[in-house]
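Chains as they are written, first to last, in numbering that gives the first Met the number 0: chain A, 0 to 403; chain B, 0 to 293; chain C, 0 to 320.
Worth flagging that the hints you see were computed from the coordinates, not collected in a lab. No experiment lies behind these values; they were computed from the predicted model shown. For every residue, glycine included, the Cβ atom is placed at its ideal position computed from N, Cα and C. The reader is advised that the hints may include incorrect statements.
BS3-like, lysine-lysine: derived pairs with alpha carbons at most 27 Å apart [to be verified]: (1) C:Lys-84 to B:Lys-95; (2) A:Lys-136 to C:Lys-84; (3) A:Lys-195 to A:Lys-247.
Far from chain A by the CB rule (all over 12 Å, computed), these chain B residues [claimed, not checked]: (4) Leu-63; (5) Lys-95; (6) Val-154; (7) Gly-161; (8) Tyr-174; (9) Gln-183; (10) Gly-189; (11) Gln-219; (12) Ala-226.
Not everything, but these chain A residues come out facing chain C in the computed CB check (under 7 Å) [as the list claims (entries may be wrong)]: (13) Glu-71; (14) Lys-80; (15) Pro-81; (16) Ser-85; (17) Gln-90; (18) Leu-110; (19) Ala-111; (20) Ala-176.
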Amino acid sequence: MKLKLSSLVAALALAFAGGAAQAQISGNVVKIGVMNDMSGVYADIGGPGSVVAAKLAVEDFQKTSKAGLKIEVVSADHQNKPDVGSTVARQWYDTDGVDAIADVPTSSVALAVSQVTRDKGKAFLATGPATADLTGKACSPNTVHWLYDTWMLANGTGSAIVKTGGDTWFFLTADYAFGHALERDTEAVVLKNGGKVLGKVRHPLATQDFSSFLLQAQASKAKVIGLANAGGDTINSIKQAAEFGIVKGGQSLAGLLVFLTDVHGLGLQTAQGLIVTETFYWDLNDQTRAWSKRFAAANGGKYPSMDHAGVYAVVLHYLKAVEAAKTDDGTKVVAKMKELPTDDPLFGKGTVRQDGRKIHPAYLFEVKKPSESKGPYDYYKLRATIPADQAFRPLAEGGCPLVK
Amino acid sequence: MEIFGIPTQALFGQLLIGLINGSFYALLSLGLAVIFGLLNIINFTHGAQYMFGAFVAYLLLNRLGVSYWWALLIAPIVVGATGIVIERLMLSKLYKLDHLYGLLLTFGVALVMEGLFRNEFGSSGLPYPSPPQLAGGRNLGFMFLPNYRAWVIAVSLVVCLGTWYAIERTRLGAYLRAATENPQLVQAFGINVPRMITLTYGFGVALAAFAGVMAAPIYQVSPQMGANLIIVVFAVVVIGGMGSILGSVLTGFGLGLVEGLTKVFYPEASNTVIFVIMAIVLLIKPTGLFGTQK
Amino acid sequence: MTGEPSSVSAGASGDTRHQRVAFALMIAIFALLPLVVYPVFVMKVMCFALFACAFNLLIGFGGLLSFGHAMFLGTAGYASAHAAKVWGFNPELAIVFATGCAALLGVATGLLAIRRQGIYFAMITLALAQMVYFFYLQTPFTGGEDGIQAVPRGRLFGLFDLGSAGTMYPLVFVIFVGGFLVIWRAVNSPFGQILKAIRENEARATSLGYDVDRYKLLAYVLSATLSGLAGATKALVFQLASLTDVYWTMSGEVVLMTLLGGMGTLFGPVVGAAIIITMQNYLAQIGAWVAVVQGAIFVVCVMAFRRGVVGEIAHWLRKPL
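Let the sequences and hints guide you as you build the complete structure.
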């Protein structure tokens, strides 16, 4: 009898232990929320394409995973407003069972979402936002910043251009936090590499007409005009610069934050010669080409932007970390994401640092002339590759409290 | 030689650019002033109709291969026609009510139009090339002036002066002005007042669309382009005097110059200087610089 | 607004029975709603409902259309966020301080704006609001596009931790009901009667000896103050104050809420705010159609539904609501 009882107890204990070995997934579903600008100025950079990318990642993960996880992808439009983003994030976490939020361009929204994510102990997979503060003074144990940030953009474009002879600069800056940060970081890099800043002018956000500012840039006779702005402002600056014959006059334009979709909107006639830094381009190698074709087929023929690639890669890595950590608790999964080295067809091999910063190489591109392009989206030629360990701000300089 | 630290050469360049921007303000505020001055309608849809005009030009070029020059003619007619539909179906029913209802209606229509365009075309803006006949520019010594921009100034002056002349100096204009003062009396003379009002609204809208086509080669064609401009244009009309066409035109050009100077000395404020001026004018002379008490 | 004869004698001092019933209904709904609906969402509705009610005081009862009310919502939002986060104020002090700031701004802008009427009044409030927006865009304390983030909710009176919805909700509820009662009282008081008289026929009110400008200014400042109260509370609910709250499109939204709900009715703005916020929330998933739907609502309301939801109900009941 005793033996039977103890073996019964033992059997029960084993059963429970066996149960615990299964993943502890809240609600039995891993829910990923893709939040970005679906209808505004950044809709082409992220938008519905990011949802497509996330779903591709889920598909690819399920092909190789043995965990048998149920995974769902939902999406929402934050309209570039921090209050909308923070409300949706709260609601997603509190009532809809979302475990991780991905994308979120527009730094102000990203900072708000990062805070809410931290308070609720979930995971924030940031690919869209630019602010380097997300892994600096606003870093969080629940946030992973993939893709790019202002420091990388400044360093990538800035130092590469100075080293190839563009040593006098004039800045055209969007007058808000992001623009200031980009201008400050790029100026520091230019000066460090022995260049000079001949002048700067700040324009209000969403300016229509840049002719006056471009005139000042022309008058300065700087070799490089740095565009410390984004989205519609960058597009308008470039278009009007072409109109005023700036590039023909011998000065070159450095787009500090430009996406492939922006170039597509401008057309090569206008954008040729522009120098940009991105961390992904569909035509880099066979793997990126193959994935991009798949993506385009699912996205109405539109090729992926850097942000779409980032969403794919970060969701894939997140799911691998969920499988390895056997839970979807945000803090634990993010810790696991930092533990596991990353490997995906789009960014190659890399790591996620202690401060949440993902490290991968960056690429300096020049926009082709119309004669050099073989078709739509064939816009870039590679000028230089910046190795991963130099592309991003050193760990110690960020001021992140998580770094000891 | 320098004025306030800026070499005169550069200053002239900035003033010229200011004048070019002023041409757009003048063209746009002309349509608004016509509509408000003659019809007492506050047309908040003006910005969306400007955007619609630019899009018509874009679609004409990209779907039908119709050039810029034809678009200058076709777009105002198409958009003006839609304006007439709006007036007949909706605005005319609001005349007996407080004018602010007209404002709210046109505000709503603007939202709908912009939303629809945004759904269809996205918001990052579409490129529209300058017509090849106007490409390039000439070096004026103190700056490089693109030919297209010079064209804008010329056309704007012609259209503004032409419209002003038509309204202030021709018989048709006289009928129109009389009709707004005393519709019953004018109607008693056998003139079809409602039809005149409808056509005038259509004309004002057509002016907005015309400005849109002119703007397409310079600014990206985007659903947002009107929303960004509309409150500035309102400010211009209010400053110029809501009843006065000449006032709006002069203020439009004047604002372009003031804004140009602000961009040199205090660029961050260039979006807001217009509102400061508007507030000051409203406090001192609420009917505007050239306006008359209605 | 003048031009639309009010078929219901708005705010006749007799027969407020229907109003009392409606009030009890409203209280009951808002008290019980958090049990079935996400509480943060209901708190958002209450804040905007208070904002719309405050706005309605000016347009519905005073006949003045302001296109710049966002400046009060936003100013109080920034003030309360800054006070709570940087100066470490307790939430009740932060809210009081912020409401005071909005009131001051109301006095300053009111003195300038009241001198004009109709479309000029609307334009001048718009111009002033744009200048306020520009000021906040430039000054560093607002954090520009980022806004003031991570605002602590703190402890109410130093005792009740507002971190959870369980304690925050009652506070917001009390503030909303309190603000609503102030408006109700103001509307049904002699002051409110004179205001309505001014709206109907300003010349006659002047000829009767009333200092019209003083009454309009008072209504304006009261409206500004209560809008500020809404903004201050909202900043603590969301723990965030951003530029969206001072931008002119926010002023347009409150006009929409009031128009849809029913201008000149007491409960209209509450209903209007609830509908618009719910719609925005629901459509956020679909994204692109929000602007179109809002524009369509504007058009429909102006063309065929001028009394608004509550206005229509009141008309049908032949009683003021």
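message: Of the numbered hints stated earlier in the document, which are not met by this structure?
response: Of the numbered hints given earlier, those the structure breaks are 1, 11, 12, 13, listed in rising order.
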